[in-house]
Every structure is written in C-alpha cells, then in structure tokens.
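All chains, full assembly: derive it from the sequences and hints.
Chains as they are written, first to last, in the working numbering: chain Z, 1 to 114; chain X, 1 to 111.
Treat the hints with caution; some may be incorrect.
Unchecked claim - Quick list of the computed label-pair ranges, beta carbon to beta carbon:
#1 X:5 / Z:67: 26 to 36 Å
#2 Z:63 / X:42: 22 to 32 Å
#3 Z:95 / X:95: 18 to 28 Å
#4 X:78 / Z:70: 15 to 25 Å
#5 X:81 / Z:18: 42 to 52 Å
#6 X:51 / Z:53: 21 to 31 Å
#7 Z:58 / X:42: 15 to 25 Å
#8 X:15 / Z:38: 28 to 38 Å
#9 Z:63 / X:3: 39 to 49 Å
#10 Z:67 / X:67: 36 to 46 Å
#11 Z:16 / X:69: 49 to 59 Å
#12 Z:84 / X:70: 36 to 46 Å
The set of hints was computed from the structure by calculation and includes no laboratory data. We put the beta carbon where it would ideally sit given N, CA and C, even for glycine.
For reference, the chains in residue letters:
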Amino acid sequence: DTEVTQTPKHLVMGMTNKKSLKCEQHMGHRAMYWYKQKAKKPPELMFVYSYEKLSINESVPSRFSPECPNSSLLNLHLHALQPEDSALYLCASSPQTGVDYGYTFGSGTRLTVV
Amino acid sequence: GENVEQHPSTLSVQEGDSAVIKCTYSDSASNYFPWYKQELGKGPQLIIDIRSNVGEKKDQRIAVTLNKTAKHFSLHITETQPEDSAVYFCAAPLAGTALIFGKGTTLSVSS
Numbered sequence: 001d002t003e004v005t006q007t008p009k010h011l012v013m014g015m016t017n018k019k020s021l022k023c024e025q026h027m028g029h030r031a032m033y034w035y036k037q038k039a040k041k042p043p044e045l046m047f048v049y050s051y052e053k054l055s056i057n058e059s060v061p062s063r064f065s066p067e068c069p070n071s072s073l074l075n076l077h078l079h080a081l082q083p084e085d086s087a088l089y090l091c092a093s094s095p096q097t098g099v100d101y102g103y104t105f106g107s108g109t110r111l112t113v114v
Numbered sequence: 001g002e003n004v005e006q007h008p009s010t011l012s013v014q015e016g017d018s019a020v021i022k023c024t025y026s027d028s029a030s031n032y033f034p035w036y037k038q039e040l041g042k043g044p045q046l047i048i049d050i051r052s053n054v055g056e057k058k059d060q061r062i063a064v065t066l067n068k069t070a071k072h073f074s075l076h077i078t079e080t081q082p083e084d085s086a087v088y089f090c091a092a093p094l095a096g097t098a099l100i101f102g103k104g105t106t107l108s109v110s111s
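Next comes the structure, spelled out in structure tokens:
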C-alpha cells in the first residue's frame, strides 16, 4: 500500500458545527503532516507529527485541533470555523521527519464553511 | 524568513517543446529539493527529487539540476505532452524540518 487516504473527500459545514477530517497510511511512515491549500496557492504547512507526537504547529488557530491516535492515523478536528477557512486540506506522510524524504500526499478534503 | 521563490507562474508551450521551471531557496543548509505535480482535484505527486550531493538527476523526460552555490534548482521537461499540463511546485526544507513550497507554475501544453 503506497497511498495516503483522506476522508471525506468533500465536507460542507456551518460555523457552529464540529467535524473531523481523517487521514490514514499503511506505509510504516512515522511522520505525518497537515497542509492547507487555497485555490491557486501552494500548500501551507499547519502541523507536523513525528512518532505520534506533535512537533510543529505553525501558529494555527485553536479552532483546528490535530490528533494522532497511532502511527497510521491522523485526524484534524474542526470547531467554530470561519468562511475563510474554506480550502483543500491535505495530509502527507514521510518515512521520518528529516530533510531529505519525499512526502506522499493524499487527495485532500475539500472543505467549505458556510 | 525561509522561503522558496519559483518562476514563472505560468508557462505555455507547444507539444514537443521543452519546459523549464526555476526555483531559488534561502536556507544554505537545505540539502533536499523535490518537485511535485498537482493535477486538478488531486493532491501533489512527487515526480523527481535531488539531493545536494549531485548536480543533476534525470528520469525519462524529466530532469532536475541543482546549483548549490547560487542556491537554485530547476525542473526540465523535454518533449512535452498534453498530459504534462498541471501545476508544478518546487519545495525545500524549512529550517531543516518540514517542506515549504514555491508558489507554483501552471504549465499548459497545447497540441
């Protein structure tokens, strides 16, 4: 299995809702990442997990809450989002957090906040 | 702060022509430089990468060159085909941690 699987593919939520994005990989990778991508922009780093521990939080608002229950699974919990949070949320994984590993990306969750 | 600059932002070529996309980086300690292709509705896909101990790497019609002294690296696509049309991103490590991406190049190959 050489894929990163993200669910759901599309999500529409109201500003008072609570929802979660899920990411799964079975490549034995010990580093996992959340990126946010707005239309016609590059992916922007949000969080980095290394060996199930949060190692980087790029000053992301607390309405985004990451969780790594085990080495294969990464969640992003969403609460009280704003319309400007609408974007493509990408999950990625790599063998480790190092400076010379390529990332494998999922296809993303297209989030719309109404 | 650390960043990666990418040029051009758009590139239109005729099928069969070559395409070149260039990136510069600021962190002289960076030693890994991947290129990603993103098609509509999909996540970025790694197409080629290069490490600082080599100056060039080739994979069929795709090649990457690296100039560590000048801190820039380039993607070369030869004999372009319509299916090469996509957005291409270069990336480099942010302070030795995670990858940060250039702003992207939209490549259009017309037949």
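Quick rundown of the hints versus the structure:
1. Between residue 5 of chain X and residue 67 of chain Z the CB atoms are about 34 Å apart, so this pair conforms to the stated range of 26 to 36 Å.
2. With their beta carbons about 27 Å apart, residue 63 of chain Z and residue 42 of chain X fall inside the hinted range of 22 to 32 Å.
3. A hinted range of 18 to 28 Å holds for the C-beta pair residue 95 of chain Z and residue 95 of chain X, which are about 19 Å apart.
4. The hinted window of 15 to 25 Å between residue 78 of chain X and residue 70 of chain Z is violated, with their beta carbons roughly 44 Å apart.
5. In this structure the hint that residue 81 of chain X and residue 18 of chain Z lie 42 to 52 Å apart at CB holds, the actual value being about 45 Å.
6. Checked against the hint of 21 to 31 Å, the C-beta distance between residue 51 of chain X and residue 53 of chain Z comes to roughly 27 Å, which is consistent with it.
7. Checked against the hint of 15 to 25 Å, the C-beta distance between residue 58 of chain Z and residue 42 of chain X comes to roughly 23 Å, which is consistent with it.
8. Checked against the given bound of 28 to 38 Å, the beta carbons of residue 15 of chain X and residue 38 of chain Z, roughly 31 Å apart, stay inside it.
9. The beta-carbon spacing between residue 63 of chain Z and residue 3 of chain X, approximately 26 Å, falls outside the hinted interval of 39 to 49 Å.
10. At about 42 Å, the beta-carbon gap between residue 67 of chain Z and residue 67 of chain X stays in the expected band of 36 to 46 Å.
11. Against the hinted window of 49 to 59 Å, the Cβ-Cβ separation of residue 16 of chain Z and residue 69 of chain X comes to about 54 Å, which satisfies the hint.
12. For residue 84 of chain Z and residue 70 of chain X, the hinted distance range of 36 to 46 Å is satisfied, since their beta carbons lie about 38 Å from each other.
Checked against the numbered hints given earlier, this structure breaks hints 4 and 9; the rest are met.
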